[in-house]
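Start from the sequences, fold in the hints, and give me the full structure.
There are 2 protein chains.
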Amino acid sequence: MIEDQLSVTFAALADPTRRAILARLAQGDATVNELAAPHAMSLPAISRHLKVLERAGLVVKGRDAQWRPCRLEPAPLREVDDWMAPYRTFFTERLDRLAEHLKTMLPTEPEEQR
Amino acid sequence: MIEDQLSVTFAALADPTRRAILARLAQGDATVNELAAPHAMSLPAISRHLKVLERAGLVVKGRDAQWRPCRLEPAPLREVDDWMAPYRTFFTERLDRLAEHLKTMLPTEPEEQR
DNA sequence: CTGTTAATTAGCGGATGTGTTAAATAAACC
DNA sequence: GGTTTATTTAACACATCCGCTAATTAACAG
Numbered sequence: 001m002i003e004d005q006l007s008v009t010f011a012a013l014a015d016p017t018r019r020a021i022l023a024r025l026a027q028g029d030a031t032v033n034e035l036a037a038p039h040a041m042s043l044p045a046i047s048r049h050l051k052v053l054e055r056a057g058l059v060v061k062g063r064d065a066q067w068r069p070c071r072l073e074p075a076p077l078r079e080v081d082d083w084m085a086p087y088r089t090f091f092t093e094r095l096d097r098l099a100e101h102l103k104t105m106l107p108t109e110p111e112e113q114r
Numbered sequence: 001m002i003e004d005q006l007s008v009t010f011a012a013l014a015d016p017t018r019r020a021i022l023a024r025l026a027q028g029d030a031t032v033n034e035l036a037a038p039h040a041m042s043l044p045a046i047s048r049h050l051k052v053l054e055r056a057g058l059v060v061k062g063r064d065a066q067w068r069p070c071r072l073e074p075a076p077l078r079e080v081d082d083w084m085a086p087y088r089t090f091f092t093e094r095l096d097r098l099a100e101h102l103k104t105m106l107p108t109e110p111e112e113q114r
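Keeping their order, the protein sequence lines are chains A and B. Just so we're aligned: the first sequence equals residues 1 to 114 in UniProt numbering. Just so we're aligned: the second sequence equals residues 1 to 114 in UniProt numbering.
If you're looking for bench data, these hints aren't it; they were derived computationally from the structure. Hints may be right or wrong, so weigh each one.
Note that identical chains are pooled: a pair holds if it fits in a single copy or bridges any two copies.
Computed list of lysine to any residue pairs in SDA-like fashion (alpha-carbon distance at most 25 angstroms, straight line) [to be verified]:
1. Lys61 - Asn33
2. Lys61 - Phe90
3. Lys61 - Pro86
4. Lys61 - Thr31
Next up, the structure:
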């Protein structure tokens with residue numbers, strides 16, 4: 001099980017419930033119960049989702065009596081952003097993409113003269 | 001099984017082998033064998049990874065005799081990019097706050113004379 | 001001490017993911 | 001037709017994920 005940080009982060013993001021939790025936390029800290037409220041799902045299920053987000057470093061839990069106020073930690077998202085960087089040119093600059101595509105295409109298969 | 005596009009894309013990205021395949025394809029099209037070459041893994045395993053990438057719409061396979069030239073399809077990455085947008089402002093804002101914090105911190109702690 | 005609230009853990013079942021080897025398909029080569 | 005090459009599918013094993021309910025821990029309130 002040699003799971004790298006990026007894989008753990010992507011796996012954590014690959015669930016709509018967890019992304020909804022992140023979206024909620026982006027608007028401010030919240031307790032586990034507050035996070036669970038909008039979802040038609042048991043509390044333990046939400047608790048497990050939070051654990052996944054925590055393991056990915058996307059969420060940090062504090063302690064306030066019996067409450068565990070959760071906070072969004074954007075650092076792993078920045079890692080995702082950095083990973084995306086080289087691919088971003090593919091869909092932001094289509095002319096460059098076409099040019100590069102042609103460049104990689106031309107020298108591999110030299111046209112024969114006729 | 002109501003898997004949304006974004007979840008499928010994130011799940012596809014949550015594997016280092018698949019990300020390596022995408023990185024390879026970013027430099028030009030390649031056949032399944034070419035994509036498999038750098039990995040210490042059986043060909044069927046690579047074939048399945050490609051299927052996952054295909055299902056996510058990240059890769060499109062063509063047909064050239066017995067070869068299946070694979071091409072990178074950046075559209076789902078753009079969706080990820082769009083999803084990231086609100087969070088991106090979040091963590092740049094956070095960095096700004098950090099910068100400001102450091103700025104306001106420096107003059108408050110003047111070196112004591114001796 | 002007792003009861004209430006917040007949250008986690010335990011244990012179960014079912015689905016999915018990931019790797020293997022062996023067999024099958026498909027198109028080229030001779 | 002028969003062989004080689006590229007790729008996929010089948011069948012199996014094993015682990016993880018994801019939901020549930022029931023039980024447990026932790027901290028407050030009276």
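Against the structure, the hints come out as follows:
1. Taking identical chains as interchangeable, the C-alpha atoms of Lys61 and Asn33 lie at most 25 angstroms apart only when both belong to the same chain, with a minimum of 13 angstroms there against 46 angstroms between chains.
2. Proximity of Lys61 to Phe90 under the C-alpha cut-off of 25 angstroms is restricted to the inter-copy arrangement: shortest distance 18 angstroms between copies versus 37 angstroms within a copy.
3. Taking the closest pair of Cα atoms, Lys61 and Pro86 come within 25 angstroms of each other only across two copies (22 angstroms); inside a single copy the shortest separation is 33 angstroms, beyond that limit.
4. Taking the shortest Cα distances, Lys61 and Thr31 sit within 25 angstroms of each other inside one copy (9 angstroms), while across copies they are farther apart (46 angstroms).
Violated hints: none; the structure is consistent with every hint.
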